[in-house]
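**Student:** Read off the chains here:
Number of protein chains: 2
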Amino acid sequence: MDYYGKYFSRLIEQFGKLPGIGYKSARRLAFHVISMPEAEVEEFARAIMEAKKNTGYCKECFTITDEEICPICASTKREPTTIMVVEETKDLVAYEKTGRYQGLYHVLGGVISPMLGIGPGDIRTKELFTRLRQREVQEIILATGSTVEGEATAIYLSKLLKPIGVKVTRIANGVPVGGDLEYVDEMTLTRALEGRTEI
Amino acid sequence: MDYYGKYFSRLIEQFGKLPGIGYKSARRLAFHVISMPEAEVEEFARAIMEAKKNTGYCKECFTITDEEICPICASTKREPTTIMVVEETKDLVAYEKTGRYQGLYHVLGGVISPMLGIGPGDIRTKELFTRLRQREVQEIILATGSTVEGEATAIYLSKLLKPIGVKVTRIANGVPVGGDLEYVDEMTLTRALEGRTEI
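For the protein sequence lines, the chains are C and W, in the order given. Offset between the first sequence (1-based) and my numbering: plus 92. Offset between the second sequence (1-based) and my numbering: plus 92.
Honestly, I wouldn't trust all of these hints.
The list cannot tell twin chains apart, which means a pair is met if one copy fits it or any two copies do.
In silico BS3-like links for lysine-lysine, alpha-carbon gap of 30 Å or less [said to hold, decoys possible]: (1) Lys98 with Lys151; (2) Lys109 with Lys169; (3) Lys98 with Lys145; (4) Lys218 with Lys259; (5) Lys116 with Lys251; (6) Lys259 with Lys98; (7) Lys251 with Lys98; (8) Lys98 with Lys254; (9) Lys259 with Lys109; (10) Lys145 with Lys254; (11) Lys145 with Lys259; (12) Lys109 with Lys251; (13) Lys145 with Lys251; (14) Lys151 with Lys116; (15) Lys109 with Lys98; (16) Lys109 with Lys254; (17) Lys218 with Lys254; (18) Lys259 with Lys116; (19) Lys254 with Lys116; (20) Lys189 with Lys98; (21) Lys145 with Lys109.
No lab work stands behind these hints: they were computed from the structure.
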């Protein structure tokens with residue numbers, strides 16, 4: 093039996109389709125929506141439609157943007173001979189927030205994961221090589237995550253990139269700043285030791 | 093700086109306004125929305141608008157419904173002289189799923205909570221007494237939760253209801269069916285002992 097009425101039940105169902113939202117969360121969200129003022133509900137529904145209609149990927153670096161070419165790729169202030177390869181737009185954002193990187197990016201849109209059936213053809217590797225043919229690039233910084241998949245993707249790319257003659261680097265592993273050694277895992281400690289620099 | 097473009101950022105912001113959704117969850121949901129087929133996104137946005145427009149509260153028992161009078165109140169098969177008082181529609185649903193209750197309901201829409209500044213006037217107590225004046229009721233079952241607020245609300249209501257001459261009952265506390273005594277708290281064990289019945 094439909095205890096909440098057709099429209100409310102349909103909204104629970106729709107929320108429940110979103111990742112990480114179970115039935116109880118979906119019901120809580122639906123309950124919240126019907127208690128919101130009508131103008132806010134309209135704004136929410138419009139935001140969903142407009143984001144879908146107007147958001148796409150930068151034709152150069154494939155970050156999420158609502159323009160043909162994202163503001164970073166379009167900027168004349170960035171250093172165009174360095175490209176940092178990241179998994180997702182959120183990783184690009186993380187580096188942008190540091191304010192310390194002036195080059196361009198390339199957003200793969202995922203990592204190679206044989207477990208999930210994601211091969212090199214499912215992420216934007218081909219597009220990266222197209223960019224390298226079209227413009228002069230001196231350094232590629234591989235900044236995929238330090239997960240098994242992120243590492244494998246970095247190794248895969250480095251093997252293809254090195255023969256081209258471009259400098260290929262990988263972001264460092266080590267102890268997080270402010271991190272107490274006691275709580276850092278052994279693999280990270282080992283990498284931090286291997287990557288030690290003279291002071 | 094707006095790293096995701098105006099429309100995507102606005103969607104993250106909108107999702108972030110929902111209860112229990114932090115910035116990272118909001119971003120994950122927004123990312124999911126733009127990767128959904130356009131028809132599904134439209135269906136989602138429509139479900140939000142339609143639920144808001146068409147969902148209201150039953151004029152009798154105040155459960156969530158898209159009709160004037162909910163199917164339970166409108167049914168001729170229910171026992172109209174018994175009313176179970178619950179906090180929210182989801183509690184009504186929980187009892188409906190047992191299939192063992194044939195009376196009507198009254199949904200308070202909350203519980204008395206001095207901590208949160210919710211008094212008797214903020215939940216549907218007045219509406220309950222209006223119903224009692226309009227129709228013959230023999231028993232009121234207080235089925236608010238076994239929380240401090242749920243108990244306080246039940247005590248408050250019982251004090252007002254008893255002088256009317258209606259039978260007032262409270263659902264039992266006890267050991268959950270299938271529950272191992274070892275894991276049941278002391279208060280519940282005490283209530284289970286007090287509420288023991290002859291077999």
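**Student:** Would you mind marking each hint as holding or not holding in the structure?
**Tutor:** Structure-based check of each hint:
Taking the closest pair of Cα atoms, Lys98 and Lys151 come within 30 Å of each other only across two copies (17 Å); inside a single copy the shortest separation is 42 Å, beyond that limit. Taking the closest pair of Cα atoms, Lys109 and Lys169 never come within 30 Å of each other, the shortest separation being 42 Å inside a single copy and 35 Å across copies. In the homo-oligomer, the alpha carbons of Lys98 and Lys145 lie at most 30 Å apart both inside one protomer (28 Å) and across protomers (12 Å), since each shortest distance falls under that limit. Proximity of Lys218 and Lys259 under a CA criterion of 30 Å is satisfied intra-copy only: 18 Å inside one chain copy versus 76 Å between copies.
Proximity of Lys116 and Lys251 under a CA criterion of 30 Å is satisfied in neither setting, with 47 Å inside one chain copy and 33 Å between copies. With identical chains, the CA atoms of Lys259 and Lys98 are never at most 30 Å apart, being 60 Å at best within one copy and 35 Å at best between copies. Taking CA atoms no more than 30 Å apart as the test, Lys251 paired with Lys98 passes in neither setting, with 56 Å inside one copy and 37 Å between copies. Taking identical chains as interchangeable, the C-alpha atoms of Lys98 and Lys254 are never at most 30 Å apart, the minima being 59 Å within one chain and 38 Å between chains.
For a Cα distance limit of 30 Å, the shortest separation of Lys259 from Lys109 qualifies neither inside one copy, at 44 Å, nor across copies, at 44 Å. For a Cα distance limit of 30 Å, the shortest separation of Lys145 from Lys254 qualifies neither inside one copy, at 39 Å, nor across copies, at 60 Å. Taking CA atoms no more than 30 Å apart as the test, Lys145 paired with Lys259 passes in neither setting, with 39 Å inside one copy and 59 Å between copies. For the identical chains of this complex, Lys109 and Lys251 are neighbours neither inside a copy (39 Å) nor across copies (45 Å), given an alpha-carbon limit of 30 Å.
Taking the shortest alpha-carbon separations for Lys145 and Lys251, neither the intra-copy value of 38 Å nor the inter-copy value of 57 Å comes in at or below 30 Å. Taking the shortest alpha-carbon separations for Lys151 and Lys116, only the inter-copy value of 25 Å comes in at or below 30 Å, while the best intra-copy value is 40 Å. Both within a single protomer and between protomers do Lys109 and Lys98 lie at most 30 Å apart by alpha-carbon distance, with minima of 17 Å and 25 Å respectively. Proximity of Lys109 and Lys254 under a CA criterion of 30 Å is satisfied in neither setting, with 43 Å inside one chain copy and 46 Å between copies.
In this homomeric assembly, Lys218 and Lys254 come within 30 Å of each other (Cα to Cα) only inside a single copy, at 15 Å, whereas the closest approach across copies is 77 Å. Taking the shortest alpha-carbon separations for Lys259 and Lys116, neither the intra-copy value of 51 Å nor the inter-copy value of 34 Å comes in at or below 30 Å. With identical chains, the CA atoms of Lys254 and Lys116 are never at most 30 Å apart, being 51 Å at best within one copy and 35 Å at best between copies. Proximity of Lys189 to Lys98 under the C-alpha cut-off of 30 Å is restricted to the inter-copy arrangement: shortest distance 18 Å between copies versus 45 Å within a copy.
Proximity of Lys145 and Lys109 under a CA criterion of 30 Å is satisfied in both settings, with 20 Å inside one chain copy and 21 Å between copies.
The earlier numbered hints that this structure contradicts are 2, 5, 6, 7, 8, 9, 10, 11, 12, 13, 16, 18 and 19.
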